[in-house]
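Q: As they're listed, the protein sequences go chains A and B.
For the first sequence, the working numbering assigns the number 160 to the initial residue and increments by one for each residue that follows.
For the second sequence, the working numbering assigns the number 13 to the initial residue and increments by one for each residue that follows.
It should be emphasised that the hints constitute simulated quantities derived from the structure, not laboratory data.
A few of these clues could be false.
Stated by the list, open to error - With the C-beta cut set under 10 Å, the calculated list includes, among others, these residues of chain A facing chain B: (1) Ser176; (2) Ile192; (3) Val233; (4) Pro313; (5) Leu323; (6) Glu351.
To be verified - 27 Å max Cα-Cα, derived DSSO-like pairs, lysine-lysine: (7) B:Lys341 <-> B:Lys99; (8) A:Lys281 <-> B:Lys341; (9) A:Lys169 <-> B:Lys338.
Beta carbons: idealized from backbone N, C-alpha and C, even for Gly.
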Amino acid sequence: MTKEKAIKNKIKRHGLSVLFVHCTVAISTFVLILTGLFGQFPMAGRYMINRLPGLSWLSDFSVTLSVHYWAAAVLILAITYHIVFHGIRRDFDMLPRKGDMKGSVKLIMATFGYGKEPENDKYLPEQRLAYVFIGFSLLILVFTGAIKVLDNLPDINFSRVFMLWTSLLHNLGTILIIIGIIIHLGAFIFKENWPLLPGIFTGKIDLEYAKRRHSIWYNRGFVRKS
Amino acid sequence: MSDFSRREFLKRSAAAGVASGVALTGFGRNAVASDVAQVGTMIDLTRCDGCKGLDTPACVTACREENKDRFPDPVKDIPDNWPQKKKEDWSDKKDLTTRLTPYNWTFVQNVNVEHGGKRYDLSVPRRCMHCDNPPCANVCPLSANHKMPEGPVVIDSDICLGGAKCRSVCPWGIPARQAGVGLYMKIIPGIAGGGVMYKCDLCYSRVKSGQTPACVEACPRNAIVFGEKEKMRALAYKRAAETNGYVYGDKENGGTSTFYVSPVPFEKINAELMKQKAAQSHPKTPGFPGMPVDMENFTDTANGIAWSMAIAPIAGIAAAAGAAYKTMKGGKNND
Chain A
160 MTKEKAIKNK
170 IKRHGLSVLF
180 VHCTVAISTF
190 VLILTGLFGQ
200 FPMAGRYMIN
210 RLPGLSWLSD
220 FSVTLSVHYW
230 AAAVLILAIT
240 YHIVFHGIRR
250 DFDMLPRKGD
260 MKGSVKLIMA
270 TFGYGKEPEN
280 DKYLPEQRLA
290 YVFIGFSLLI
300 LVFTGAIKVL
310 DNLPDINFSR
320 VFMLWTSLLH
330 NLGTILIIIG
340 IIIHLGAFIF
350 KENWPLLPGI
360 FTGKIDLEYA
370 KRRHSIWYNR
380 GFVRKS
Chain B
13 MSDFSRREFL
23 KRSAAAGVAS
33 GVALTGFGRN
43 AVASDVAQVG
53 TMIDLTRCDG
63 CKGLDTPACV
73 TACREENKDR
83 FPDPVKDIPD
93 NWPQKKKEDW
103 SDKKDLTTRL
113 TPYNWTFVQN
123 VNVEHGGKRY
133 DLSVPRRCMH
143 CDNPPCANVC
153 PLSANHKMPE
163 GPVVIDSDIC
173 LGGAKCRSVC
183 PWGIPARQAG
193 VGLYMKIIPG
203 IAGGGVMYKC
213 DLCYSRVKSG
223 QTPACVEACP
233 RNAIVFGEKE
243 KMRALAYKRA
253 AETNGYVYGD
263 KENGGTSTFY
273 VSPVPFEKIN
283 AELMKQKAAQ
293 SHPKTPGFPG
303 MPVDMENFTD
313 TANGIAWSMA
323 IAPIAGIAAA
333 AGAAYKTMKG
343 GKNND
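Work the whole structure out from these sequences, hints included.
A: Rendered as structure tokens:
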């Protein structure tokens, strides 16, 4: 391990690009869900959420549609950046590997005190699976959302059946992404995962934690994929 | 990373760029333009007299007769739209013909307006304008509302959940909601959904089979003319030129398939209609549209933002390529 990566018992887990993508995807997705559920689906007025302080704008469809569009642009930028950046670098640590399903079960069992936790690489097997689930959901949303945006333009009118399926998939994608986010955040109910939290804000995690829980990654010596 | 060449970098950039481009913007453009000629109507207010002498104008009666089998048949005990203690139930007002309801998809407004020192009694048949780029259809989160290739904007009552967003974004507030009927009653009635939205579909099934809409056929004074949309537009302007009149519906909401011709400016008609609405016992009750002039389409602002979504992937690719090149050349761990 190089010196600069172990300053003050911390170890660098994420670079600026990852922090940027995670931050922009998280914020834009939150805004999209908010303006999608309460604005595109007219729930804010129905459930009187617009009467809560500061949320009256949620029942103004022209505002929520515009905010939805801007947030979608930010999400598209972040996703494109993510795919291209890691594609060029051939950085595929987050992609699922053979045995991840089994590994996740073992890891969850170990969390509850059954059996020993397997040795982990930079990411836990369940993190890799969650990544694909969330990524897939986001791609469904971006793709179907782009079709809906095109359909809203004055000179474009897709067929009725095509739009029915597009909307259905967009709504399904929304449900999937909400489930994905709940599972993603739900992982932090377990104390064992808490040391990973600072990583997504500062890029660094505790050195001892990395040695113990991400031993494969640690032992690789951070030559490139640290 | 020291052996990482510029050539290799460009190769990887191109591959990653294409992959993300396909994933994010790809293959959505199926048949966009239609070869089907769009239809429309021209409503001549110099001819319409509201069928004076009849209890109900002929166009209204014909519409009700034509569509009676499609009118809602709600359950007896309609649940409130939780958490609110209200619902929209018109089932005890089925005979109402003086406004738009789920049981009355067209009606005639009567105004008396002054123009050029002369007073005019005008009867204005009202119903869906069948917009060129209908916000009601665009914003429906279920795509239950759609503009058909022939022009009519049609609500699928089997899919509609009755959120009434279509009515909120319609400049005329045309669609009418009936609670206690439709898909939401089979899911979680009372908790989500509010009924089904109903409105004129320009007798779409008749149009598809080569017939004219029922209201057109029934009009005794040929005040409502049906045909190819462009011909109706041309006819409206021709008629306006002949009568020194005004056209409504060509520019409004970005363009519609309904062209009114009036001997008085529509600003005056709208002002009179707003007066009538304000004088009603429940002025906020939907179903009594005005005729606001030159209003913009609800989706105009959002469509102006759409360009940002086209630029976003380009910016993402450029920024990522730059960042990746920097980190790889410098051998930095910046993943």
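Q: Look at each hint and say if it fits the structure.
A: How the hints compare with the structure:
Interface restraint check for A:Ser176: the shortest CB-CB distance to chain B comes to about 5 Å, inside 10 Å, so the restraint holds. Given hint, A:Ile192 at the interface with chain B, is violated; its Cβ is 13 Å from that chain's nearest Cβ, farther than 10 Å. Given hint, A:Val233 at the interface with chain B, holds; its Cβ is 7 Å from that chain's nearest Cβ, closer than 10 Å. Using the Cβ-Cβ criterion of 10 Å, the hint placing A:Pro313 at the interface with chain B is satisfied: the shortest such distance is roughly 4 Å.
For the restraint placing A:Leu323 at the interface with chain B, the shortest Cβ-Cβ distance is roughly 5 Å, inside the 10 Å limit, so the hint holds. Because the closest C-beta pair between A:Glu351 and chain B is about 24 Å apart, greater than 10 Å, the hint is violated. A hinted pair counts as satisfied when its Cα atoms are at most 27 Å apart, and B:Lys341 with B:Lys99 does not qualify at roughly 65 Å. Taking the CA atoms of A:Lys281 and B:Lys341, the gap is near 23 Å; set against the 27 Å cutoff, the hint holds.
For the hint pairing A:Lys169 with B:Lys338, the CA-to-CA distance comes to about 24 Å; that is within 27 Å, so the pair holds.
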